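*Asks:* Please put together the full structure from these sequences, using the hints given.
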Amino acid sequence: DGGITQSPKYLFRKEGQNVTLSCEQNLNHDAMYWYRQDPGQGLRLIYYSQIVNDFQKGDIAEGYSVSREKKESFPLTVTSAQKNPTAFYLCASSMRDRLYEQYFGPGTRLTVT
Amino acid sequence: AQSVTQPDIHITVSEGASLELRCNYSYGATPYLFWYVQSPGQGLQLLLKYFSGDTLVQGIKGFEAEFKRSQSSFNLRKPSVHWSDAAEYFCAVGITGGGNKLTFGTGTQLKVEL
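If you're matching them up, the sequences are chains A and B in order. Residues in the first sequence are numbered from 46 upward in steps of one, following the working numbering. Residues in the second sequence are numbered from 3 upward in steps of one, following the working numbering.
No wet-lab data here; the hints were simulated from the structure. Predicted, not measured: the structure shown is a model, and the values here were computed from it. Each residue gets a CB set at the ideal place from its N, CA and C atoms; glycine is no exception. Be a bit skeptical, because a hint or two may be false.
Here are the simulated EDC-like cross-link-like pairs (lysine to aspartate or glutamate), alpha carbons at most 20 Å apart as the crow flies [to be verified]: (1) B/LYS103 / A/ASP99; (2) B/LYS103 / A/GLU146; (3) B/LYS63 / A/GLU146; (4) B/LYS51 / A/ASP104; (5) B/LYS103 / A/GLU60; (6) A/LYS115 / A/ASP104.
Here are the simulated distance ranges between beta carbons [what the hints assert, rightly or not]: (7) B/SER41 / A/LYS116: 39 to 47 Å; (8) B/ALA31 / A/ASN71: 30 to 38 Å; (9) B/THR7 / A/THR122: 29 to 37 Å; (10) B/THR57 / A/LYS59: 30 to 38 Å; (11) B/GLY18 / A/THR122: 24 to 32 Å; (12) A/ASN63 / B/GLU17: 18 to 26 Å; (13) B/PRO42 / A/GLY48: 28 to 36 Å; (14) A/GLY47 / B/THR14: 33 to 41 Å; (15) A/PRO151 / B/ASP10: 21 to 29 Å.
*Replies:* As structure tokens, then:
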């Protein structure tokens with residue numbers, strides 16, 4: 046079955062540590078996205094990538110970094126510079142000619158203490 | 003910049019009753035419009051979308067939405083709600099030349115009473 050995989054589902058880290066969240070898709074989609082979800086705030090875009098080896102900052106990129114070395118993979122690193130990293134993180138992807146029609150993975154809940 | 007407003011944070015309906023979730027957007031032209039549903043601890047699932055044409059669009063799970071340009075609205079409806087519809091619903095907007103970014107509303111939490 047085609048889809049988007051995010052792992053792990055739950056992640057716990059100590060403050061000051063970097064952590065990388067995985068996102069893999071086998072939909073052959075060109076574009077991939079990372080969102081952050083906090084209660085009562087909807088989804089906010091962190092980074093997105095339309096092609097391999099290229100990505101753009103979203104609305105809240107500070108304290109995050111990404112890479113896009115393969116079409117099917119778009120890992121997100123939450124660095125120690127992110128002041129409030131505890132959140133639910135969602136990865137999405139879309140086809141080149143239907144960029145707005147985004148399909149989401151199951152999410153990773155990150156807790157930093 | 004475009005914005006999306008979902009004025010109802012929580013809505014409770016009885017099973018079998020009709021449902022309408024409100025969504026208003028702010029943008030000078032006609033945007034692309036979407037409704038997504040999210041079950042607790044899960045990702046978002048696309049319910050329906052509007053790009054152009056017929057202003058009444060049908061989606062999955064018996065949902066429909068109507069685009070009203072004069073009111074800048076894209077309300078989601080279902081004639082008869084099932085207990086399994088309990089979830090959080092998000093309206094989203096995309097604009098041409100917007101760098102393929104979607105702007106999401108803050109969501110409406112639907113509770114269904116049996």
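*Asks:* Verify the proposed pairing of B/LYS63 with A/GLU146, using a straight-line Cα cut of 20 Å.
*Replies:* Answer holds: B/LYS63 to A/GLU146 is near 18 Å, not above 20 Å.
*Asks:* Keeping to a limit of 20 Å between CA atoms, is the pair of B/LYS103 and A/GLU60 held or broken?
*Replies:* 30 Å, violated
*Asks:* Check the following: the C-beta atoms of A/GLY47 and B/THR14 are separated by a distance inside 33 to 41 Å.
*Replies:* 36 Å, holds
*Asks:* Cβ-Cβ distance between B/PRO42 and A/GLY48: within 28 to 36 Å?
*Replies:* Violated, at about 19 Å.
*Asks:* Taking the Cβ atom of A/PRO151 and the Cβ atom of B/ASP10, is their distance within the range 21 to 29 Å?
*Replies:* 26 Å, holds
*Asks:* Does the alpha-carbon distance linking B/LYS103 and A/GLU146 stay inside the 20 Å limit?
*Replies:* Given that 20 Å is the threshold and the Cα spacing comes to 10 Å, the pair holds.
*Asks:* Just to be careful, I want the Cα atoms of B/LYS51 and A/ASP104 compared with a cutoff of 20 Å; is the pair within it?
*Replies:* Given that 20 Å is the threshold and the Cα spacing comes to 23 Å, the pair is violated.
*Asks:* Using the C-beta atoms of A/ASN63 and B/GLU17, is the stated range 18 to 26 Å upheld?
*Replies:* Once the Cβ atoms are compared, 47 Å apart, the range 18 to 26 Å for B/GLU17 and A/ASN63 is violated.
*Asks:* Is the gap between the beta carbons of B/THR57 and A/LYS59 within 30 to 38 Å?
*Replies:* 52 Å, violated
*Asks:* A range of 39 to 47 Å was offered for this pair. Does it hold for the Cβ distance of B/SER41 and A/LYS116?
*Replies:* The hint (39 to 47 Å, Cβ to Cβ) is violated, given that B/SER41 and A/LYS116 are roughly 29 Å apart.
*Asks:* Between B/GLY18 and A/THR122, does the C-beta distance stay in 24 to 32 Å?
*Replies:* 48 Å, violated
*Asks:* Do the Cβ positions of B/THR7 and A/THR122 conform to the proposed distance bound of 29 to 37 Å?
*Replies:* Holds: the Cβ-Cβ distance is about 33 Å, inside 29 to 37 Å.
Taken one by one, the earlier hints fail for this structure at numbers 4, 5, 6, 7, 10, 11, 12, 13, listed in ascending order.
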